[in-house]
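**Student:** Dock chain A against the given chain D, drawing on the hints supplied.
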Amino acid sequence: MSAKGEEIAERAQRARGKKAALGEDVNLEEYTVETKEHQAIKSLVDFPEKYTPELLDAGIEPSEKDRSGSFLQRDRSVVFSKARYKELEVMSTTDALAKYDGLKEYLWKAVAVDADKYTAEVELAPSHGYFIRSKAGSKVTIPVQACLFITANKVRQNVHNIIIAEENSELHIITGCSVSHEVRSALHIGISEFYIKKGAKISFTMVHNWSSGIEVRPRSAVMIEDNGAFINNYILMKPVKSIQMYPTAYCVGRNARAHFQSIIYAPGDSKIDVGSRAVLRGEGSRAELISRVIATDNAKVMARGDIVGTADHVKGHLECRGLMLSDTAQVASIPELTALRRDLDLSHEAAVGKIAEEEIRYLMARGLSEEEATSVIIRGFLNVDITGLPEALARETKRMFELSLEKVM
Amino acid sequence: MLEITDLTVEVEGKKIIKNLNLCIEHGEVHVLFGPNGCGKTTLLMAILGFPAYKVTSGRISFKGVDITDRPTNERVKLGMGMSFQHPPEIRGVKLGDMVNIALGRKEGTIDEEVIELGKRINISLEFLNRDVNLGFSGGEVKRSEILQLLAQAPDFLMFDEPDSGVDVENVELIGDLMNELLARDKIPSQRERSGLVITHSGFILNYLKPDRAHVMLDGRIACSGMPEEIAKEIMEEGFERCVELCSQKVCAE
Chain D
68 MSAKGEEIAE RAQRARGKKA ALGEDVNLEE YTVETKEHQA IKSLVDFPEK YTPELLDAGI
128 EPSEKDRSGS FLQRDRSVVF SKARYKELEV MSTTDALAKY DGLKEYLWKA VAVDADKYTA
188 EVELAPSHGY FIRSKAGSKV TIPVQACLFI TANKVRQNVH NIIIAEENSE LHIITGCSVS
248 HEVRSALHIG ISEFYIKKGA KISFTMVHNW SSGIEVRPRS AVMIEDNGAF INNYILMKPV
308 KSIQMYPTAY CVGRNARAHF QSIIYAPGDS KIDVGSRAVL RGEGSRAELI SRVIATDNAK
368 VMARGDIVGT ADHVKGHLEC RGLMLSDTAQ VASIPELTAL RRDLDLSHEA AVGKIAEEEI
428 RYLMARGLSE EEATSVIIRG FLNVDITGLP EALARETKRM FELSLEKVM
Chain A
6 MLEITDLTVE VEGKKIIKNL NLCIEHGEVH VLFGPNGCGK TTLLMAILGF PAYKVTSGRI
66 SFKGVDITDR PTNERVKLGM GMSFQHPPEI RGVKLGDMVN IALGRKEGTI DEEVIELGKR
126 INISLEFLNR DVNLGFSGGE VKRSEILQLL AQAPDFLMFD EPDSGVDVEN VELIGDLMNE
186 LLARDKIPSQ RERSGLVITH SGFILNYLKP DRAHVMLDGR IACSGMPEEI AKEIMEEGFE
246 RCVELCSQKV CAE
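Protein chains in written order, with the working numbering: chain D, 68 to 476; chain A, 6 to 258.
Hint data in this document are derived by calculation from the structure and do not stem from the laboratory. Using N, Cα and C, we set each Cβ at its ideal position, and we do this for glycine too. Check before you lean on any hint, since a few could be wrong.
What the hints assert, rightly or not - Lysine to aspartate or glutamate pairs mimicking EDC-like chemistry, simulated, CA-CA at most 16 angstroms apart:
hint	chain 1	residue 1	chain 2	residue 2
1	D	382	D	412
2	A	111	D	473
3	D	153	D	233
4	D	149	D	172
5	A	68	A	8
6	A	82	D	439
7	D	308	D	97
8	D	264	D	237
9	D	382	D	416
10	A	111	D	438
11	A	111	D	437
12	D	265	D	237
13	A	111	D	439
14	D	465	A	112
15	D	421	A	94
16	D	338	D	355
17	A	214	A	177
18	A	20	A	223
19	D	171	D	73
20	D	71	D	172
21	D	421	D	437
22	D	149	D	133
23	D	367	D	336
24	A	82	D	437
25	D	367	D	73
26	A	214	A	185
27	A	111	D	469
Unchecked claim - Residues on chain A that point at chain D, a partial pick, calculated with CB under 10 angstroms:
hint	residue
28	54
29	81
30	82
31	98
32	106
33	113
Here chain A stands alone, though its shape is the one from the complex:
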């Protein structure tokens, strides 16, 4: 599904991602751990093709297409979607408009289809009529992002900290919908959708069971392995120690 080879990414002239390699197969969900500032979000933005995240070497291939120089909307058309951690506020553009856009329609009318999608994630018509992200709480942002992904229905989904700032009740709901979006209810051989999830806390792993985990340190994937093992090591030993331990056993890259 996604193949990243020897990727280096600069932001404002500063190297953030360094010669990174990552391969996510069809039906696989990977989780990316790492401390703040290690380059996790930068990696997602580079995969999505935001111009401020400049690829200076390497390539990104998606569904067999080299997308390294493609604009974001073309990548999205190929089937990529993202749940943002800090999406911008856009005045006058309603959440319902965003859902319409994600559905590939013109913004404007909030119809039954949009309302039905909203209901699935506890989003009311009133909420759909609010300007997107304007005054949204942390939890509302997450639900709004998931709603837009429900409308978009991409084959490859990226989640930037889907569990941060969400109350317990909604984490479970978000976890359930992430599983649905990623078609995790199917048996592994029939799973078509793939994902890359960034988590700082690992909290979401109580609800979502990824196939593989990576730890990112200083712009590199420092180690990879079984999600539960890695999560456990991080909780108990911290990132650095985990990488140290990891390097002694599993290291795919």
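Here chain D stands alone, though its shape is the one from the complex:
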């Protein structure tokens, strides 16, 4: 192991017991890294059919229709990876590290290995993850699909994803995390490090399709160079035991742009602590962080947002809207803005409330029943216009969103 590798491993060792700053502490020992390896499959349609509904729910197309590449990891085994375009690479991180010596430089560069026990855990007991890269100057508007799937009870899935858009390239990814209905309890830790080179663009649409026994601790960061753009769409509509994440976009280059949209419908006893953060270090960089949260039943949601401006002419806006559908649910909206320059513009707006009676009545006056009116309002509330995606992908994302919504309403 190189000196750098050793240093990283040491830092991970030291952070083993380090609790995360946010979210409830997960006892890693409750979950196992010793689980059955799964055989690779030749095609996604060979994946056991009983899991098809869960794949579809997470936006994964087993036929690979309208997908430029696919990656599927089951528990701790990568079972399928393929790029259908020569401009793209899609493979397991493990394979990519073996193939490209230089790739090590990208590991733990955006996310600190000793951030907390979860990052440390992925370094110390990794289980693959995906590597997706678009070649310089390429522009594939059809998305790559990546799925991290859990089928083993009590498994600890520790993935490390590296996503690179080389200079002036465009890369679109749909990623679905899903779990078999048979699994009662599991832990997913996902490190995702994105590198968006000069003039490049990544759109990343993530559907989380967990269930009430799954604990989830993603750790994501994005480095955006000059004129680069990152568009993140996050959809969570299913229950989850607990999730805590705070993906961070570092707009390090001039005119770098980051756009986060999160749509969260929190039912049952879900404990959700989700935010997005943008650090505007490049002159003229911009960020927009938008979230919509609906809490029902006994769900607890912390909706965070943080924009830090440390360069001139940067602009950031944060918007969080929450809708309460139950007296036993809880939504806390925590927006933060930090300005370290005179010439910048940061703003936020947050609002939490119930469905307004007069909105229901108004819709009823156009012929809807009270129930129909309520669901139109909820759909409208969650309906955030998706910008910056190729038309077909925007339609697809919309469809995925509608599908998720139909399941819960």
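**Tutor:** Same frame as chain D, but now just chain A:
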């Protein structure tokens, strides 16, 4: 079409409409004058069946059906429609969605039919794609309401101050479309649609010729008569004086 008998309505425990009687026949359009706070809007909301407007006595009958205890959407299904004065903003629900809903379809796609309806009232596709009432000007609200009624095509239409906050150019357009919605181009015996129009200013009467007018004061219909006469008296003498004069001649209730 609509028959209101001895109606009393409370809002938050306060009596706003008191033992009111009103009958609107098939093909008739009535106009309701009255100062602010006299109960005009309350009456429309009670006819529409909004629960905050509680009927404590009397009955409302629509097309021969006692609707006093029916929910709003059932009344709408029977053929009632309303142009609101201050409709709520609904985030994420586009005006085009509202038109689809009024057409009895699912919200979602804004198709040719919706776009064509919009054109008739100077509403562009861009406007159809805006969240309903969010940041609409006074005039835009009126046009949006009329558009939804065009889609809904009810037999009985209520207009709450259709002329307030509208520029001159659009008042004429709104007046024309109200006439169309109410099928006023037909000869009286063939008119099928009925309406109840609230106006504070009476400005809309330059374009719409109702059959009968009422003046509402303190939760009651204080007098009724010919729209032009009553409008003239109100303009010249004010509401109180008009009622006083009225009571000496016409008083149907």
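**Student:** For each hint, tell me whether it holds in the structure or not.
**Tutor:** Hint by hint, here is what the structure shows:
1. For the given pair, residue 382(D) sits about 5 angstroms from residue 412(D) by alpha-carbon distance, which is consistent with the 16 angstroms threshold.
2. This hinted pair checks out: residue 111(A) and residue 473(D) have alpha carbons roughly 13 angstroms apart, not beyond 16 angstroms.
3. Only pairs whose Cα atoms come within 16 angstroms are accepted, and residue 153(D) paired with residue 233(D) is accepted, the gap being roughly 14 angstroms.
4. This hinted pair does not check out: residue 149(D) and residue 172(D) have alpha carbons roughly 24 angstroms apart, beyond 16 angstroms.
5. The straight-line distance between the Cα atoms of residue 68(A) and residue 8(A) is roughly 8 angstroms, inside the 16 angstroms bound, and the hint therefore holds.
6. Under the criterion of a C-alpha separation no larger than 16 angstroms, the hint pairing residue 82(A) with residue 439(D) is consistent with the structure, at around 14 angstroms.
7. Between the alpha carbons of residue 308(D) and residue 97(D) the distance comes to roughly 14 angstroms, so the proposed pair stays at or under 16 angstroms and holds.
8. Between residue 264(D) and residue 237(D) the alpha-carbon distance is near 10 angstroms, which keeps this suggested pair within the 16 angstroms criterion.
9. With a C-alpha separation of about 15 angstroms, the suggested pairing of residue 382(D) with residue 416(D) holds against the 16 angstroms cut-off.
10. As the CA atoms of residue 111(A) and residue 438(D) are separated by approximately 14 angstroms, the hinted pair is consistent with the 16 angstroms bound.
11. With a C-alpha separation of about 15 angstroms, the suggested pairing of residue 111(A) with residue 437(D) holds against the 16 angstroms cut-off.
12. Pair hint residue 265(D) plus residue 237(D) holds up; C-alpha atoms about 11 angstroms apart against a cutoff of 16 angstroms.
13. As the CA atoms of residue 111(A) and residue 439(D) are separated by approximately 10 angstroms, the hinted pair is consistent with the 16 angstroms bound.
14. The suggested pairing of residue 465(D) with residue 112(A) holds, with an alpha-carbon distance near 14 angstroms, which does not exceed 16 angstroms.
15. The hinted pair formed by residue 421(D) and residue 94(A) meets the criterion: a straight-line CA distance of about 14 angstroms does not exceed 16 angstroms.
16. With a C-alpha separation of about 25 angstroms, the suggested pair residue 338(D) and residue 355(D) falls outside the 16 angstroms cut-off, and the hint is violated.
17. Distance check on the hinted pair: residue 214(A) and residue 177(A) sit about 13 angstroms apart at the alpha-carbon level, within 16 angstroms; holds.
18. With a C-alpha separation of about 10 angstroms, the suggested pairing of residue 20(A) with residue 223(A) holds against the 16 angstroms cut-off.
19. For the hint linking residue 171(D) to residue 73(D), the alpha-carbon distance of about 12 angstroms falls within 16 angstroms, and the restraint holds.
20. Between residue 71(D) and residue 172(D), the direct Cα distance comes to roughly 9 angstroms. Compliance with the 16 angstroms bound is thereby established for this hinted pair.
21. The straight-line distance between the Cα atoms of residue 421(D) and residue 437(D) is roughly 15 angstroms, inside the 16 angstroms bound, and the hint therefore holds.
22. This hinted pair checks out: residue 149(D) and residue 133(D) have alpha carbons roughly 14 angstroms apart, not beyond 16 angstroms.
23. Taking the CA atoms of residue 367(D) and residue 336(D), the gap is about 7 angstroms. The hint holds against a cut of 16 angstroms.
24. Of the supplied pair hints, the one linking residue 82(A) and residue 437(D) holds, its CA atoms being roughly 14 angstroms apart against a limit of 16 angstroms.
25. The suggested pairing of residue 367(D) with residue 73(D) is violated, with an alpha-carbon distance near 40 angstroms, which exceeds 16 angstroms.
26. Distance restraint check for residue 214(A) and residue 185(A): the Cα-Cα separation of roughly 12 angstroms lies within the 16 angstroms cut-off, and the hinted pair is therefore satisfied.
27. Distance hint between residue 111(A) and residue 469(D) is fulfilled; the C-alpha atoms sit about 13 angstroms from each other, no more than 16 angstroms.
28. Because the closest C-beta pair between residue 54(A) and chain D is about 8 angstroms apart, less than 10 angstroms, the hint holds.
29. With its C-beta approaching chain D no nearer than about 5 angstroms, residue 81(A) sits inside the 10 angstroms limit, and its interface hint holds.
30. For residue 82(A), the suggested interface contact is upheld, since its CB lies about 6 angstroms from the closest CB of chain D, less than 10 angstroms.
31. At about 4 angstroms, the closest approach between the beta carbon of residue 98(A) and any beta carbon in chain D falls short of 10 angstroms, and the interface hint on this residue holds.
32. Given the 10 angstroms rule on beta carbons, the hint for residue 106(A) holds: about 5 angstroms separates it from the nearest Cβ of chain D.
33. With a least beta-carbon distance of about 9 angstroms to chain D, the hint placing residue 113(A) at the interface is held under the 10 angstroms criterion.
Checked against the numbered hints listed earlier, the structure breaks hints 4, 16, 25; every other hint is satisfied.
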